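Use the sequences and the hints to build the structure in full.
Below are the chains, spelled out letter by letter.
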Amino acid sequence: MENFFFYFFAALTLIFAFLVIANPFSNNPVTSAMFLVLTIASLAGLFVLLHAYFLAAVQVLVYAGAVMVLFLFVIMLLDLKAEEERHIRAFGLGAGLISVGAIVSIFLISLLKAPLLSNPAPIVHGDTLALGKLLFNQYSLPFEIVSVLLLVAMIGVVLLSKKELK
Amino acid sequence: MTIGLNHYLVVSIMLFCVGLFGVIVRRNLLVIYMGLELMLNAANLALVAFSRFNDNLDGQVFVFFIITVAAAEVAVGLALIVALYRKRQTVHAEDLTTLRL
Amino acid sequence: MDQIFVNLKDWLVALFPAGRQQELVSALISVAALIGTFAGLFALTTVLERKGLGRIQNRYGPNRVGPYGILQPMADGLKALTKEDVVPRSADQVVHFLAPLVLVAPVFLALAVVPMGRNMAAVDFDAGILFFFAVGAATELSVFMAGWSSRNKYSLLGAMRAIAQMISYEVPLILSSLAVIMIAGSLSAVTIVEKQAGYSGLIPHWFVLTPWGFAGFILFMIAAAAESNRSPFDLPEGESEIIAGYYIEYSGFKFALFFLGEYIGLFAASGLAITLFLGGWNAPFPFLTWIPSYVWFFGKLLALIAVFIWVRGTLPRLRMDQLMNFAWKFMLPMALINLLTAGVWHFTPPGLARWIICALLVFGPYVALGRTLFESKKLAKRTYSYAE
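Chains as they are written, first to last, in my numbering: chain X, 1 to 166; chain P, 1 to 101; chain F, 1 to 388.
One or more of the hints may lead you astray.
[As the list claims (entries may be wrong)] Using 27 Å as the maximum straight-line C-alpha spacing, the simulated DSS-like pairs for lysine-lysine come out as follows:
id: 1; chain 1: X; residue 1: K162; chain 2: F; residue 2: K377
id: 2; chain 1: P; residue 1: K87; chain 2: X; residue 2: K162
id: 3; chain 1: P; residue 1: K87; chain 2: F; residue 2: K153
id: 4; chain 1: F; residue 1: K329; chain 2: F; residue 2: K377
id: 5; chain 1: F; residue 1: K153; chain 2: F; residue 2: K83
id: 6; chain 1: F; residue 1: K51; chain 2: F; residue 2: K79
id: 7; chain 1: X; residue 1: K162; chain 2: F; residue 2: K153
id: 8; chain 1: F; residue 1: K381; chain 2: F; residue 2: K329
id: 9; chain 1: F; residue 1: K83; chain 2: F; residue 2: K51
id: 10; chain 1: F; residue 1: K378; chain 2: X; residue 2: K162
id: 11; chain 1: F; residue 1: K9; chain 2: F; residue 2: K195
id: 12; chain 1: F; residue 1: K378; chain 2: F; residue 2: K329
id: 13; chain 1: X; residue 1: K133; chain 2: F; residue 2: K195
id: 14; chain 1: X; residue 1: K162; chain 2: F; residue 2: K329
The set of hints was computed from the structure by calculation and includes no laboratory data. Since this is a predicted model, take the numbers as computed values, not measurements.
Quick look at the structure:
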């Protein structure tokens, strides 16, 4: 059962991810953004299989809720009418294939050298509670820094989106 | 055959490659951004898988931070794209050939 | 009597062979019960709302179909089913079709984590409240899909308004429930309800009966009304300005689905308000505990819906800038102050002093903020000029 769900969600994730970047149905970025939502949702399914319930919920909340709405808002704001067919250049395609091939080969070499870990670990109980304890004790300084980062990003965005920059 | 760490890592690397491919091949800045999100999520998946199979929650804490940073990054990046669009009326990387505004 | 539905489900599940099949059947029964109950409640609420609004506006409301117009939902449903389903030619067909489904599915999912009685939560896991907000975020997507795919400037404007409003009010919504989560020390809805069980004398231990809980409850209800596009925050669908907002191009059954999604979203938000602040399925007085728990839950739900109907009949619609100002200048600071107050409450010893300190902490900023915002508007006294 768990195997089935793993393959199901993994396949969904990869198919939707592919549709994000190369969409045969339409050339509009809105469709890409919607497929990105589906990718995130199926990835959250994989997180649930890994018993990371808290992260699955946060993933959906932040990505599907906040990030994607931001994307769609921007697309709506820009009003991209002139989204004409742009053929992909051979150079870009070649560069993409080479870099992907390089990364896959690095990964395969390291995977073949490493010892195989395939035994499922015992279930981590009290996942959210344990995560919170870790976050606010051992990682409290990074946590604060991240909150400052969010504040800085917010101020920066407000400044950037002012009509005229001084 | 039980699903192990390697299965998740393979999915993660495939997702990463799809994202990377999109970043390199596509020319629309918004789609490039979505490709970046895919790559970040591939890293998240790998970290959660490591955290589960090593019985150590540090990986999940790291993913939490990545999600936060990604949200900040998307906000700033999209604001930049909007500012750029106001100046140039385009979001295609090919059309942005000068370094000045 | 209290456990009759739980026992019924257990009996049904036991008819099937043990193992995977039982889990599947158990899940299916929960889902069917949820959908059936809340679809029925939706039908009841539509007619109650129309009758209540009618009474507020000094008219009768629907009274033709069945006794006292109680069968009106059936007539409405038949009409929606037989109506022609118009899709604009320039619309994005697939997205246009999917938008109502994307609205209805998550709101039912959100209901799954709300405990409706003792042992009557469809799922209970330790990030339940977070799950509720996560699937609630999907409604924004459906609003966008509906508005964007219709290729209509009014629907696009309505969608932009709706999304701006939902994002703005999501912040105080989550922050006000965060105070409860902080005090209860758990994200599981079932645990939060259990923390509110018990009585001191006649008074129940509900979170709404504390200074921070009361303020949080008010903030939560306002934000929930805005989240589900209820009046007075229904300007995404303001008829006088942008006709019907994002679902302007929908007709027939898809329109009915939007209607259903909005009401179920309201039920889900009210259910969460009950879970977080009003003690869930707990009875208000210790001598009333013999009444089954689900009766209390649905009683409270109907009471909250009555409040929403009352508000809808009473308050005029806000303007867009007023809406945004209210969210960011009043709701957000108050939610943050409320969070601080909850922390103070947790760390001061029980007694009268704690009550006074926390009440002052909530009430002082409320008065100060209200005064400042009101005076900054520079409102002049209204003058009347009469015809000679």
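So, going through the hints one by one against the coordinates:
The straight-line distance between the Cα atoms of X:K162 and F:K377 is roughly 23 Å, inside the 27 Å bound, and the hint therefore holds. A distance of roughly 13 Å separates the Cα atoms of P:K87 and X:K162; the hinted pair therefore holds under the 27 Å criterion. For the hint linking P:K87 to F:K153, the alpha-carbon distance of about 25 Å falls within 27 Å, and the restraint holds. At roughly 13 Å between alpha-carbon atoms, F:K329 and F:K377 fall within 27 Å of each other, so this suggested pair holds.
Distance restraint check for F:K153 and F:K83: the Cα-Cα separation of roughly 24 Å lies within the 27 Å cut-off, and the hinted pair is therefore satisfied. Straight-line distance between C-alpha atoms of F:K51 and F:K79 comes to about 19 Å, which keeps the hinted pair within the 27 Å bound. The hinted pair formed by X:K162 and F:K153 meets the criterion: a straight-line CA distance of about 25 Å does not exceed 27 Å. Between the alpha carbons of F:K381 and F:K329 the distance comes to roughly 24 Å, so the proposed pair stays at or under 27 Å and holds.
Note on F:K83 and F:K51: the hinted pairing holds, with a Cα-Cα distance of about 24 Å set against a maximum of 27 Å. Distance hint between F:K378 and X:K162 is fulfilled; the C-alpha atoms sit about 26 Å from each other, no more than 27 Å. Pair hint F:K9 plus F:K195 holds up; C-alpha atoms about 26 Å apart against a cutoff of 27 Å. Distance check on the hinted pair: F:K378 and F:K329 sit about 16 Å apart at the alpha-carbon level, within 27 Å; holds.
A C-alpha spacing of about 21 Å is found between X:K133 and F:K195, which places the hinted pair at or below 27 Å, so the restraint holds. Between X:K162 and F:K329, the direct Cα distance comes to roughly 19 Å. Compliance with the 27 Å bound is thereby established for this hinted pair.
The structure shown violates none of the earlier numbered hints.
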